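K.L.:
Sequence:
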Amino acid sequence: MDRKILQAFSLGMLFVSISIFSYFTFFLGDELERAKQTMVEHGYTYIKKDHLNNLEEQIAQLKKENTELQSTLSEKKEKTEEKGESSQLVEIEIEPGMVLDTIAQMLEEKGVINNKREFVKFVEQSDKQTGIRTGVFHLHEKMTYDEIVLIITK
Numbered sequence: 000m001d002r003k004i005l006q007a008f009s010l011g012m013l014f015v016s017i018s019i020f021s022y023f024t025f026f027l028g029d030e031l032e033r034a035k036q037t038m039v040e041h042g043y044t045y046i047k048k049d050h051l052n053n054l055e056e057q058i059a060q061l062k063k064e065n066t067e068l069q070s071t072l073s074e075k076k077e078k079t080e081e082k083g084e085s086s087q088l089v090e091i092e093i094e095p096g097m098v099l100d101t102i103a104q105m106l107e108e109k110g111v112i113n114n115k116r117e118f119v120k121f122v123e124q125s126d127k128q129t130g131i132r133t134g135v136f137h138l139h140e141k142m143t144y145d146e147i148v149l150i151i152t153k
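Start counting the sequence shown at 0; every next residue gets the next number (numbering that gives the first Met the number 0).
The hints are simulated quantities; they were obtained by calculation from the structure and are not laboratory data.
Everything numeric in this text was worked out from a predicted model, so none of it was measured.
Any given hint could turn out to be false.
Heads up, simulated EDC-like pairs for lysine to aspartate or glutamate below, C-alpha to C-alpha not over 16 Å straight-line [said to hold, decoys possible]:
(1) K127 / D100
(2) K115 / E77
(3) K115 / D100
(4) K115 / E140
(5) K141 / E107
(6) K153 / D126
(7) K153 / E92
(8) K120 / D145
(9) K109 / E140
(10) K141 / E90
Required output: the full structure, derived from the provided sequences and hints.
P.N.:
So, in structure tokens, the structure goes:
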């Protein structure tokens, strides 16, 4: 009789296990989908842990790159500030009768421009060669062609 009782008990346990498994599979299987829908309705997002870990790694990498770029930017900013402080004002005197080539040569010699021909071409293209004034002008090495032309043609 012990064997029959044990078999009946085992069969009962098997039946209960199958019943519980079936209940959770068929009746509560939609719970996960409902939970996902509820999260979406409330503004949450569902992602898997491995995807979350990948995103966190990407964030860490981007933060590291951002820090490196900020340090590089600050170094370049310091260098440009040092250069900006070292740029000196240059006094240019334009006398009556001076032609554009002579003025460009003087600007090149004083270090205000790098290329005389480019400056002459720029002034001619902007059609400002007839508006150049005579007098003393204070310029510095960091000025663009536009700024120089604006000052000497006011």
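K.L.:
Between K109 and E140, is the straight-line Cα distance small enough, at 16 Å or below?
P.N.:
Holds: K109 and E140 sit about 9 Å apart, inside 16 Å.
K.L.:
Within 16 Å, alpha carbon to alpha carbon, are K115 and E77?
P.N.:
30 Å, violated
K.L.:
Keeping to a limit of 16 Å between CA atoms, is the pair of K120 and D145 held or broken?
P.N.:
Between K120 and D145 the Cα gap is close to 12 Å, so the pair holds against 16 Å.
K.L.:
Straight-line Cα separation of K141 and E90 no greater than 16 Å?
P.N.:
It holds: about 14 Å lies between the C-alpha atoms, which stays within 16 Å.
K.L.:
Mind checking the alpha carbons of K153 and E92 for me, to see if they're no more than 16 Å apart?
P.N.:
Roughly 15 Å between the alpha carbons, so the hint for K153 and E92 holds.
K.L.:
Quick one, are K141 and E107 close enough, alpha carbons at most 16 Å?
P.N.:
Holds, because 13 Å separates the two Cα atoms, which is no more than 16 Å.
K.L.:
Does D100 lie within 16 Å of K127 when you go C-alpha to C-alpha?
P.N.:
Status holds; Cα separation ~13 Å.
K.L.:
Check the hint pairing K153 with D126 against an upper bound of 16 Å on the C-alpha distance.
P.N.:
14 Å, holds
K.L.:
Just to be careful, I want the Cα atoms of K115 and D100 compared with a cutoff of 16 Å; is the pair within it?
P.N.:
Distance of about 8 Å is within 16 Å: holds.
K.L.:
Has the given pair, K115 with E140, been kept, meaning a C-alpha gap of at most 16 Å?
P.N.:
Distance of about 14 Å is within 16 Å: holds.
In summary, the one numbered hint that this structure violates is 2.
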